[in-house]
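Number of protein chains: 2
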Amino acid sequence: MARKKGNLKFGNEYNMGLLTDLYQLTMAASYFEHGKNEIATFDMFVRKLPKNRNYLVAVGLEQVLEYLENLHFGEEDIAYLKKQGIFKDEFLEYLKEFRFTGDVYAVKEGTIIFANEPILRITAPRIEAQIVETYILNQINFQTMIASKASRIVHAAKKAAVVDFSPRRDHGSDAALKAARASYIAGCVGTSNVLAGKIYEIPIIGTMAHSYIMSFDDELEAFRTYAKTFPENTVLLIDTYNTIEGAKKAVIIAKEMGAKGYKLKGVRLDSGDLVELSKKVRRILDKEGLDYVKIVASSDLNEYKIAELIEKGAKIDIYGVGTEMGTSKDAPAISGVYKLCEDTNKEGKLVAKIKLSEGKITLPGRKQVYRISNKNGEYKKDIIALEEEILDGEPLLEKVMENGRRLQEKEKITEIRKRTLENLARLPKKYKSINNYEAYPVEISTKLKILIEDLIKKYGGGK
Amino acid sequence: MARKKGNLKFGNEYNMGLLTDLYQLTMAASYFEHGKNEIATFDMFVRKLPKNRNYLVAVGLEQVLEYLENLHFGEEDIAYLKKQGIFKDEFLEYLKEFRFTGDVYAVKEGTIIFANEPILRITAPRIEAQIVETYILNQINFQTMIASKASRIVHAAKKAAVVDFSPRRDHGSDAALKAARASYIAGCVGTSNVLAGKIYEIPIIGTMAHSYIMSFDDELEAFRTYAKTFPENTVLLIDTYNTIEGAKKAVIIAKEMGAKGYKLKGVRLDSGDLVELSKKVRRILDKEGLDYVKIVASSDLNEYKIAELIEKGAKIDIYGVGTEMGTSKDAPAISGVYKLCEDTNKEGKLVAKIKLSEGKITLPGRKQVYRISNKNGEYKKDIIALEEEILDGEPLLEKVMENGRRLQEKEKITEIRKRTLENLARLPKKYKSINNYEAYPVEISTKLKILIEDLIKKYGGGK
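Chains A and B, in that order, give the protein sequences.
So the first sequence is numbered by the numbering used here: it starts at 2 and just counts up by one.
So the second sequence is numbered by the numbering used here: it starts at 2 and just counts up by one.
Hints may be right or wrong, so weigh each one.
Which copy? The list can't say, so a pair holds if one copy fits it or any two copies do.
[Stated by the list, open to error] DSBU-like mimics (lysine-lysine), calculated; alpha carbons at most 35 Å apart, straight line:
#	residue 1	residue 2
1	Lys159	Lys356
2	Lys419	Lys316
3	Lys430	Lys159
4	Lys280	Lys433
5	Lys49	Lys306
6	Lys160	Lys306
7	Lys109	Lys159
8	Lys431	Lys52
9	Lys316	Lys330
10	Lys458	Lys350
11	Lys350	Lys256
12	Lys281	Lys261
13	Lys413	Lys83
14	Lys347	Lys261
15	Lys37	Lys261
16	Lys97	Lys411
17	Lys84	Lys229
18	Lys295	Lys361
19	Lys330	Lys159
Hints are computed from structural coordinates only; laboratory data are not their basis.
Build the full structure now, drawing on both the sequences and the hints.
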């Protein structure tokens, strides 16, 4: 039980070889044993959008590329697999030297995507392509889900800012880190999560808790003590006892700070009727010339509640959103899948593949997605085509990895965020509505349709 | 972009100092500056059960203890905080030497708990107790939520086994690891997640994917190839083209294996009408003397679907459950909170604390939970009392850490799982129903009631 110290790094994607489903490794072992390691191509796409989402924001590629570049099986990993007694030594020897050598095409992080559109495509020797499925899905499903939810919340907040306050309810540490990343990319202005701030260079934002107030004999003393420590960074939580009384005390503190040349940054409301309270608090502050003091609100918020607050005239500048955003509570999973779309046949020729299980048909072949905009730059429709086709419109998939090596440097998160917001600005308003559900038009090119029909004829009538 | 190798360990709780909300650190800095680092006590408890849960299974203590024992701020962490420009050097110096020195009381992992019952109680110098809040909530909320959901699923499955198939939809890597752990503790028989198997010593279980079948020219060849690699561990996925035809091919393989002295382990159904298909497949297998071949089913399952399958006579031995369990989809967050319940006053005396915000009243003082059983050992009711009271019944909270050191060795996961199942067996049936919602009786002791009333009188009339 000795205390351990270390410089272990979190938030990166090292040594995740074993974070895979066992069947990926058993299938790999079988492929290995039978020399079936030809080139195969897999698409990752979302089968169906959750019922209260009109679009998704693709996020998570950076972590996938980092994972693919670093993927390996360490000695302990091999020893663990050996202990299972199901793998032959030759395969374990192969795993010792394993690295990912494939090519990856993907949409840029922050791209708006719809059902059935490939987010990422892997072409690699079959074993490599297979083993990476689980982690790729785990990462892209999660960050895409969060960015999509956060985008709705940021949209609902209009000119007000949204901050990620979710770590305590996120699903573990990785979720807390990546919820902060994905929600920032989608338009949040920062996170309360310090480690996420450090790892991903996201602005960190904080106020104070009720326990702070409660550990002083009176509220004014608590406020004053905090303001002394952070004269340039004080947001006072004013609802511990009575919000209006709290606001009056905040005025006293703001004036004391003002006398010393400092400005109170804000006050926070965390309970009660946020519409009425925010209006009253705003009046109390403004009457005293404290129009620069922002009002922060939190309290189980989501896009619907924020829209209602704004509709009713709440005077709130910053929304702190936790659980609902960090767990995407109304749609806590998206149906991202990873499916074989091209394979090498016995003659060594690449052939398109289709899956025909009931209700789970897949699009065969290597594909490209073309996005067609109108003359104002607004998105009009998408066409999923075969890669060999050249259509008008913007191709969304680009090559990001070749022979296991990244082709671009890691993008700055501020660049990804900027692009995301530009993309969202080009999405017609009706799809951004949080209450209307309307499907954005996604078409299948004629050539792809013909290929699908041919394959259905060949492999069986829709079954 | 060089490839990095390393022996970094995941699934443990090192170097998580910065995985905290910024306000924990700013409050800490203010306490530090003003010498307010007296002993404070915080309870972690769940305010309200989600509407479709009658009970929760407390899990996550092991990770919290590991975190508390290892908690520190590394050089990089301090440098990052310094760069924020809001912390004074004295505080950063203090953080360099920071370690957790407090006492922890907690219920054992696998204990059944209800709303308002303390799961864990921390008594420590205020700064230490404050900084650890975020991570404790992040870990215990998640694992408790998953164990509670998994427990319902395992209960619904009756004699059939349940396996965690969730990694691809879990919220990131830590969620995938700990969903496997929590669901195993709650009664699952294993996980598909290899890394979770390695870290937590959970049985790992796997079958095969459609892509495996599709990479062969025909299904029989795919089956045969796999069976050759894993003569003792083959579960054939039989629904890629047509489940009944797949079952017939599985019979051929089972007989080929039998001729060599091996037994086919099972077949898996992943689509279609699982009731009808499982009955037909069972008949096909049994007719050929293959009653030892198990039927595994997966396909967006949850406790309701499993109960319906069983009700309708489905012949399924093992359920693979993914998304619904790994995200606790119908209740993807629980409202675990961490609240000040005792503090040191100006005279240096320990005094009970209460929070009186609207609808968010807390139970003051250091508490114990007594569980009263009837003579068969069935749980009858709980009483939340003050620690100083001695009541009949089983006290649930025990001291697990003193001065920052664990008092017990890490428990074996099989022990935790066994205890959990024993606890669940003692919970009356009506609370385990997946459709009836009935509140288990949790009372407040007379002494605790009197304390609450006194504090309300002292600090204001319910506000």
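Is it within, between, both, or neither for Lys159 and Lys356, if the alpha carbons may be no more than 35 Å apart? Between. Shortest inter-copy distance 33 Å satisfies the 35 Å Cα cut-off; intra-copy 43 Å does not.
| query | How would you label the pair Lys413, Lys83 (within, between, both, or neither) given a Cα cut-off of 35 Å? | reply | Between. Shortest inter-copy distance 22 Å satisfies the 35 Å Cα cut-off; intra-copy 41 Å does not.
Q) At most 35 Å between C-alpha atoms: does Lys419 with Lys316 qualify within a copy, between copies, both, or neither? A) within (27 Å within a copy, 54 Å between copies)
Reference check for the pair Lys109 and Lys159, CA-CA at most 35 Å: within, between, both, or neither? Within one copy, since 25 Å is at most 35 Å while 46 Å is not.
query = Within a copy, between copies, both or neither: where do Lys37 and Lys261 come within 35 Å Cα-Cα?
reply = between (75 Å within a copy, 24 Å between copies)
Homo-oligomer pair classification [Lys261, Lys281; C-alpha up to 35 Å]:
within (27 Å within a copy, 82 Å between copies)
Report task. Up to 35 Å between alpha-carbons, please classify Lys295 paired with Lys361: within, between, both or neither. Result -> The answer is between: 25 Å across copies meets 35 Å, while 50 Å in one copy does not.
Report task. Give the relationship of Lys430 and Lys159 under a CA distance limit of 35 Å: within one copy only, between copies only, both, or neither. Result -> within (13 Å within a copy, 49 Å between copies)
* When no copy is specified for Lys97 and Lys411, does a C-alpha distance of 35 Å or less occur within a copy, between copies, both, or neither? -> Both: 27 Å inside a chain and 31 Å across chains, each within 35 Å.
> Is it within, between, both, or neither for Lys347 and Lys261, if the alpha carbons may be no more than 35 Å apart?
Replying inline: between (81 Å within a copy, 28 Å between copies)
Lys330 and Lys159: within-copy, between-copy, both or neither at 35 Å Cα: Result: close both inside a copy and across copies, 21 Å intra and 29 Å inter.
Indicate which option fits the pair Lys350, Lys256 if close means a Cα-Cα distance not exceeding 35 Å: within, between, both or neither.
Classified as between: cross-chain Cα gap 34 Å, same-chain 78 Å, threshold 35 Å.
In the structure shown, no violation is registered for any of the earlier numbered hints.
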